[in-house]
Amino acid sequence: MCIKRVILLCFLLLSSYANAALDIKNWTTKNGSRVYFVESHKLPVVDINIMFTAGSVRDTEETNGLASMTNHLMFSGSAGIGEQELMNSFADIGAQVGSNFNRDQSSFSLRTLSDKKTKAIDLFKLVLHKPDFDQNILARETKRYVANISQAETMPEAIATKKFMKSIYGNHPYGFPSSGTIDSLNRIKSTDLKNFYSNYYIANQAVIVIVGDVSNKQAKSIAEELSKGLPINKNIKDIPDVKKVTKQDVRISHPAKQAHLYFGTPIMKRNDPDFFPLYVGNHILGGSGFGSRLTEEIREKKGLVYSVYSYFMPLFKKGPFEVALQTSKDQVGEALSLVKNTIQNFIDKGPSEKELQASKDNITGGFALRFGSNKKIMNYVSMMAFYNYPLDYLKTFTDKINAVTVSQITTAFKKRVDLNEFSTVIVGVDER
Amino acid sequence: MFTLKELNVKLFKILVFLLFIPMGANSTVHKHALDNGLKIFVKEDNRAPIVVSQVWYRAGSLDEVNGKTGVAHVLEHMMFKGTKTTKPGEFSEIIAAAGGRENAFTGADYTCYFQQLEKSKLPISMKMEADRMQNLVISEEEFLKEIKVVMEERLWRTEDNPEAQANELFNSIMFHAHPYGKPIVGWMNDLENMTYKDAEEWYKNWYGPNNAILVVAGDVKAEEVFKMAEKYFGKIPPISIPERKPQQEPEQNGPRISILKAPSKLSYVQMGYRAPTLDKNEAVDGKDQFALEVLVGILSESSSARLTQNIVRDSRLAVDVGAGYSMVNRGNESSFELYATPSESVTTDQLINALKSEIDKIKKDGVSDDELNRIKTVVIANDVYQRDSVFYAAMQIGQLETMGYSHEILEDYISNIKEVTSKDLQAVAKKYFTDDTLTVVTIDPQPIDMNKPKKGKPHVH
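Here the protein sequences line up with chains V and L, keeping their order.
Residue numbering for the first sequence is 1143 to 1574, as defined by our numbering.
Residue numbering for the second sequence is 226 to 686, as defined by our numbering.
If you're looking for bench data, these hints aren't it; they were derived computationally from the structure.
Some hints here could point you the wrong way.
Derived BS3-like pairs (lysine-lysine); straight-line CA-CA distance at most 30 Å [what the hints assert, rightly or not]:
| hint | chain 1 | residue 1 | chain 2 | residue 2 |
| --- | --- | --- | --- | --- |
| 1 | V | K1411 | V | K1556 |
| 2 | V | K1482 | L | K312 |
| 3 | L | K256 | V | K1184 |
| 4 | L | K643 | V | K1258 |
| 5 | V | K1285 | L | K486 |
| 6 | V | K1518 | L | K601 |
| 7 | L | K370 | V | K1471 |
| 8 | V | K1517 | L | K344 |
| 9 | L | K370 | V | K1399 |
| 10 | L | K586 | V | K1184 |
| 11 | V | K1444 | L | K312 |
| 12 | V | K1444 | L | K422 |
| 13 | V | K1261 | L | K643 |
| 14 | L | K309 | V | K1444 |
| 15 | V | K1517 | L | K601 |
| 16 | V | K1471 | L | K486 |
| 17 | V | K1518 | L | K446 |
| 18 | V | K1542 | L | K344 |
| 19 | V | K1184 | L | K643 |
| 20 | V | K1285 | L | K581 |
| 21 | V | K1285 | L | K586 |
| 22 | L | K309 | V | K1502 |
| 23 | L | K352 | V | K1502 |
| 24 | V | K1261 | V | K1379 |
| 25 | V | K1517 | L | K446 |
| 26 | L | K312 | V | K1496 |
| 27 | L | K293 | V | K1399 |
| 28 | L | K344 | V | K1491 |
| 29 | V | K1399 | L | K422 |
Anything over 12 Å on all C-beta distances counts as not near chain V; from chain L, calculated [what the hints assert, rightly or not]:
| hint | residue |
| --- | --- |
| 30 | K352 |
| 31 | Q359 |
| 32 | R379 |
| 33 | I466 |
Remember, predicted model here, so these are calculated numbers, not experimental data.
Backbone N, C-alpha and C fix where the C-beta goes; we use that ideal spot for every residue, glycine too.
When you get a sec, could you build the whole thing from the sequences and use the hints?
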């Protein structure tokens, strides 16, 4: 199928719609795991998500890829039960398991029918509490990682994103390729995974979200059980702050027909005081697809690209502000100047009142859509829970969006967004 | 990064396998037709105060002719470029201001436009969909800009993506005569020579109430939706729909094998066999189709399925594998496909043989009771999970009805799946998976001539 426009990443990262009706219960287990629970009996389904601060931000240059590999091997055998038997056992009761991994987070999810939940949760506990990290499986999966990395090294988009993160973060772990490098992966041993697990897959930092067809009492006992089998580590390393690096201007040749452009710098972290003006401002600038300035200037008026967007990706520490597009090689220069002019113009003059109102209408008018299914509730509450947002975040969200003014946006952009600090990466430069 | 390839395989699964897991017996779909031929389907779901509205046109790349491939998709883009009373982009602006999300997609069988909104906003979407069903303005100026966007889309989607190129080649050699051999996005040469008049012709031919279906799902009352549809769509006159010729792919007598040279590190195999779709008149029972549906699950539904277990984990010949089959479509021609990326130093021939030997094992031994029960359990559980998504429920109805089936075929889906036996799987494997109906495309990776990365000069503003 061809889709008219790409679903924008920023919706996932920053989507923030309040629903006062969403009743989130919150408590802490004996071992210190934070728990968030939304009760809903409309479907006979239970969803569980457990998150650890164990993303690639925990890697070092030496062990780059360790965090990702640990996440990847969690379902590959537990307590001596082999991976196939384990996977069959989940399938035999129709339970679905999944994992998620990014720079800050490593997480694992379970979806089960409510009448199968006891068995499903027992299996899930085995996975979380007793991973084997078998050396032989590690060797096999290392080869698969290496194959994928070699392939990615031929793909312009993958080359560009990797180079972009390196350019804006230097030696900070946010700049590491999250799946590691061929060299570093080949150094990783089974004992490294076990140590990583003991250090970071810990009860005292785990965040558990439960959504669906269980009572409050059942949720308490499920969370307690999930938490108590996890390691405890009171000496967790702090995540290093992001240091300013010299901006880079990188051009890489590639035989592909399109050039891939990435432009940006680290700007905003979670719970940032400027979050609301920056978020609403970017919604107008390039975060909302059609109607946003970047899409209007570069796609609608000029037909230069299929997709162009900008987003803030707030992380524990300063996450990237990023603009990305793909266009035929001979047009990339024109596209880059349009991007720069559009952003600079926005910084200088800010949005119009009309644009601001349109964005507020869009953001607040659609809040119900964010909670239209158990899956969506799970995704949203997980984001809030992991980054420790205040519980009244949803209740106050609409008011905070509506309170944003043109001058707040202009001030925040002038203070925080400086094109002179932006790095540029273009893969597929025009050789003519 | 790592999951890019895996994602592709998963996507196939979602689109092909999970797609026709039904909504369950307790779900009532309300149906109504307007005098002008517009069919309306409503699925009530009051879990949240939201509504999904989708307008489906029975017009896709299946209906295109040589020299004008891609026009269905181009028209989809033009549908956002204004009507007699709205400006280009205004549709999107109005939906955004209502707090909604909207988009559209084009397939071989259909083109679909959708909005997701807070429930009280449904009239806005109906009013505007009705407007662009009859009053679209396709200006040459807007067309010339948008066709560039579509060409960029093709470069990004296909031309710079070796696996997508392989898939395009695969379809074109499997289907010589049938339009499923042509890419949905269109050949580049056709896009380059397309004019706004081609888009206008497409719109005139296919966009009208008697070639469309409206599906509404969410916190609504069917009777109110029908009244609202009458108000907004009721006055649109029906169109005269061009005759559709039955198109059939001639019998295949012998394997079709092709090699794609593409800049890549890894090789890739896409292989498949011609396979049947469910009969729309139910004149023929769907026993074979349901057996093939179970078989694709046995081979690749989850990480406990055979292909991953045997070829990725045990023999380690591949770094990724997958399978796909669709038992329903409008064009009455389907395929049962396998995809794999060989491990380092494994040749595509070795991998093809390994995939074929998995098929031979089915032919010879069938599957164990455990495996069969497992896949049936997964199908039944997924049926419950799917009820979580209002959008999906609407999509399923829209797809089936646009393809020419009744959505009611979903009601017997689970009982049909439950009836499949190991012997049935053996029988369909023997019947359909023969070398004479095999099509294979492999990628022959070419080194990439990348000059050494060079640093540019600092910015000049």
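Hints versus structure:
no.	hint	verdict
1	K1411/V with K1556/V	17 Å, holds
2	K1482/V with K312/L	27 Å, holds
3	K256/L with K1184/V	25 Å, holds
4	K643/L with K1258/V	20 Å, holds
5	K1285/V with K486/L	24 Å, holds
6	K1518/V with K601/L	27 Å, holds
7	K370/L with K1471/V	17 Å, holds
8	K1517/V with K344/L	20 Å, holds
9	K370/L with K1399/V	19 Å, holds
10	K586/L with K1184/V	43 Å, violated
11	K1444/V with K312/L	17 Å, holds
12	K1444/V with K422/L	21 Å, holds
13	K1261/V with K643/L	23 Å, holds
14	K309/L with K1444/V	23 Å, holds
15	K1517/V with K601/L	23 Å, holds
16	K1471/V with K486/L	22 Å, holds
17	K1518/V with K446/L	24 Å, holds
18	K1542/V with K344/L	24 Å, holds
19	K1184/V with K643/L	26 Å, holds
20	K1285/V with K581/L	24 Å, holds
21	K1285/V with K586/L	27 Å, holds
22	K309/L with K1502/V	28 Å, holds
23	K352/L with K1502/V	23 Å, holds
24	K1261/V with K1379/V	35 Å, violated
25	K1517/V with K446/L	24 Å, holds
26	K312/L with K1496/V	17 Å, holds
27	K293/L with K1399/V	23 Å, holds
28	K344/L with K1491/V	36 Å, violated
29	K1399/V with K422/L	28 Å, holds
30	K352	17 Å, holds
31	Q359	20 Å, holds
32	R379	9 Å, violated
33	I466	23 Å, holds
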